[in-house]
Amino acid sequence: MDALFLADDKLSAWLGELAAARRVLVPVREREAVVFRPYAAGVTPVLDRQANVPPKASVFPASEALMSFRYTKNPENLGQVAVEVHETIDAPPTVVFGGRPCDARGFLVFDRVYDTPKIQDTAYKKRRENTLFVTLACDDPQNTCFCNSIGSSPYDATGSDVLLTPVSGGYLVECASERGKELVESKLLSDGNALREEAKTVHASALSALGPAWNPSPAKAKLIEKFEDMGFWEDVSAKCISCGACTYLCPTCYCFNVTDERTGMKGERIRTWDTCMSYLFTLEASGHNPRPTKAHRLKNRVGHKFSYYPEIHGGPIACCGCGRCISLCPVSVDIREIVRLSIERPTAKPENK
Amino acid sequence: MSLQDELKAQIVKRLPELDVVIGWGQGYDSLHRTPLFITSEADVDKLVFDPLCVHNLSTYLTRYGSAKRIGVVVKGCDSRSVVELLQEKLIHRDKVMVFGLPCEGVADLGKVKRALAAKDLDMGRVRAASFADGDLVVTVSGQEIRLPMAEVQADKCGRCRYHNAVIHDEFAGQPITEAAPDTYADVAAFEEQTLEERMEFWREQMERCVRCYACRNACPLCVCRDYCIGQSREPNWVSQRDGLEEKFFFQMIHATHLAGRCTECGECERACPVDIPLLLLKRKLGKEILELFDYRAGTDPDAKPPLLNFKVQEDTINERGW
Amino acid sequence: MTTLPNPYIPEIATIIETIQETPAIKTFRVTLNTPERMKSFRYEPGQVGQLSVFGVGEATFVINSPPTRMDYLQFSVMAAGEVTSRLHSLKAGDQIGVRAPLGNAFPYESMKGKNVVFVGGGIGMAPLRTLLLFMLDNRKDYGDISLLYGARSPEDMAFRYDLPDWTTRKDMKTVLTIDREAPGWEHTVGLIPNVLLDMNPSPENTVAVTCGPPIMIKFTLQALKKLGFPDESIYTTLEKRMKCGVGICGRCNIGTKYVCMDGPVFTYAELKKLPSEL
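For the protein sequence lines, the chains are C, R and S, in the order given.
Residue numbering for the first sequence follows my numbering, beginning at 7 and increasing consecutively.
Residue numbering for the second sequence follows my numbering, beginning at -3 and increasing consecutively.
Residue numbering for the third sequence follows my numbering, beginning at 1108 and increasing consecutively.
These are calculated hints, taken from the structure and not from any lab test.
Please note that a few of the clues may not be correct.
[To be verified] Pairwise CB distance ranges, derived in the manner of DEER restraints:
hint, chain 1, residue 1, chain 2, residue 2, range
1, C, TRP220, R, VAL133, 24 to 34 Å
2, C, ASP241, R, GLU84, 49 to 59 Å
3, R, LYS85, S, GLY1200, 50 to 60 Å
4, S, ARG1259, R, GLU200, 57 to 67 Å
5, S, SER1192, R, ALA114, 26 to 36 Å
6, S, ILE1116, C, ALA27, 23 to 33 Å
7, S, SER1192, R, ARG157, 50 to 60 Å
Think of the CB as a built atom: it goes at the ideal place given N, C-alpha and C, for glycine as much as any other residue.
The whole structure should be built from the sequences, with the hints applied where relevant.
Here's what the structure looks like:
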């Protein structure tokens, strides 16, 4: 397919076109944070750096109703109460504009869990089908970026529908999926084939700026080997303060909580982001907690991403290399370092085993 | 001997009495320091102290069982949290060894980010950082940028009355003699806006909250943590929805529970991954406490925090005169 | 592209009967409100369901009536947390939500032709009850069946309505035990693992199925090993905090295994391979 060109001064117009029929989420600045918000005329997208909060909520909202319920009293016999439930799904047609390749790839990690031959998460699936990604290739990665080490790159279009690459005067626009075609049918886009070479240079320079890739795959076996090595986990989790910033801001972290909220005779069962870093995540009604300390919990987070998930799903790591868990951690816990140490450090054998 | 070397020598000397000493070490890039847990002399070499040592390490003191003896390195502001924890008997004096420091101020990485963004540069791409002649010198995207510390220093440092650790078992370096007045001018300025304007401001800020609880968990004094009513079902005070109501409600509970206890170290705001100006809420309560009780949290280990203390007639509240 | 049903939407069921089994355990017999669904409802012994009290939440329980007796689905609930406490306040006629069946089942097919030893403690008798009744209803498919069921005291013994049958039938051997002597108790006294060793079942062509409190399971497994049962012939069930019940929400995993999907039934051999995070 032909490459197209979007001039800088046509960006707003194109966003306007896209937003005519859909919800378009763009990264915007609020104080020093960049977050995704619905595009409207006058909104200036921030396209020169990674957003603090990835566009995860576009397909996996921080909170959504899984269903609503309503109790009805039998007027003849007030002790008799019937209940009915209704599926609630909100899946507006959406374009996520200006996310990075890692942001879009995060959903590939979701897909293997949320949409399987045995189980389909209905609301997720509907939103996934209704959401398209116009992704911006990175021209200058940040210090915490490591997509090249988990089998991706700053211009990896997997999981995206359209890939934009910054070139002089605008963006090279390339379709990355069948579904992306409908988005690029715009008179605002002109022939961009002549800029392909420039885009390639941008890609190559971004990749080289990331530095040499390291190989996390030995961690798959090593993390299992270190399961009982609590000394290791206490050491690497010492500074963790057990908040959920790493998981909530992770494009691949997909765990959730389910709680009921009732007001009078009706209410909703809501699904909300949850975090395995929280003590409450695995706390059982009996008071027993299989993951009682932050060392146990950090072990699960790193273990799940780099060992259990690849083991279950035949290889892929549940990490997109965006580095937010590092850059936005209040105490700079560095998952790259933990994975590397898990590979390099000898495993201590527990004494009484 | 440099302050940093003096501190290292003190830690080496006292380490045999302690299970761990918590200080700062080099983080993942040149602009970031990270909490360092020292258990051996070899670890001491990794210790760093400079204006990038932003974390208040006293938040870790309540995370160890009472059997451990913990050493903690503190700046002036951090030391007030230690005092407050002692006042509330949340830690035991004989289990904590305080390595106190004088501090001329720390950098606010939010300001560094803004200063660089103004030059179309990204803090996430800084390759080198150092301090020279009162400037933070950074190398980013091939350019060397000098940022005067006065411009990128944390706001709390500009109004600091406690540059020196107010409690310590060891003190490295020379005490700083000056102390700035804190008139709560920032709070007063904010309050010049109408109620509607202020509400609108907070609405916009809270909208970004992801309920990650970094603010709560970075706070040295928000000690409920694993049993927080923001997440508990019994009692079920706050739903898990991500509405403004829930976010605001949690922050209000967080702030009011810290009234008269908060030392305004600003860790809540620094920890926030979406830059919500949470310290302003705490400052408002700090101002009220100062005016009502003439009290500054975490300055006197023997003082009883005013809201933990019942007096029939408060000295500064003329209830009967109303 | 196939579309599967929404896995989170419970079916509405009506409680037709409740039984206060012990001070802490209450049993609910429920039928799905849609008669056709009740008729077509299929599950296997050992599978679990999530019960909903709408407005409070969901919790997981084994279906402890066998698929051979489809007049109702039976769940036994020990009051421990928010949902279980609210369930205890419900009565016949009240409506709840049911998401079932979830999880795996006991391999009752491969157990055919074998002797079966059941060792249950307290509420841990619930999953065993399903399999036991299923086997009694298909009696000719199985060899000798023996049951050791223990509780702290006679009052803590659930399923007392089953006991007259179990203790008198000729085609099974039943030993009931309590931890300490109690007035009027005519059965065995002693801790389950010790009584099991006294019973001395042969491991020959025999599977053991055990469930109960963690400490009882630990010592029962040791006793079964002492008796010579191979790890592959010992079955037990695990419990974890669950939410989604369909392998997505992420909290019930032990390493790569999700108790809600790969369990709750595991052999001792499988358990040994799991990392220790129980």
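Cross-check of the supplied hints:
no., hint, in the structure
1, C:TRP220 <-> R:VAL133: 24 to 34 Å, "holds, 30 Å"
2, C:ASP241 <-> R:GLU84: 49 to 59 Å, "violated, 30 Å"
3, R:LYS85 <-> S:GLY1200: 50 to 60 Å, "holds, 53 Å"
4, S:ARG1259 <-> R:GLU200: 57 to 67 Å, "holds, 58 Å"
5, S:SER1192 <-> R:ALA114: 26 to 36 Å, "violated, 57 Å"
6, S:ILE1116 <-> C:ALA27: 23 to 33 Å, "holds, 30 Å"
7, S:SER1192 <-> R:ARG157: 50 to 60 Å, "holds, 51 Å"
Checked against the numbered hints listed earlier, the structure breaks hints 2 and 5; every other hint is satisfied.
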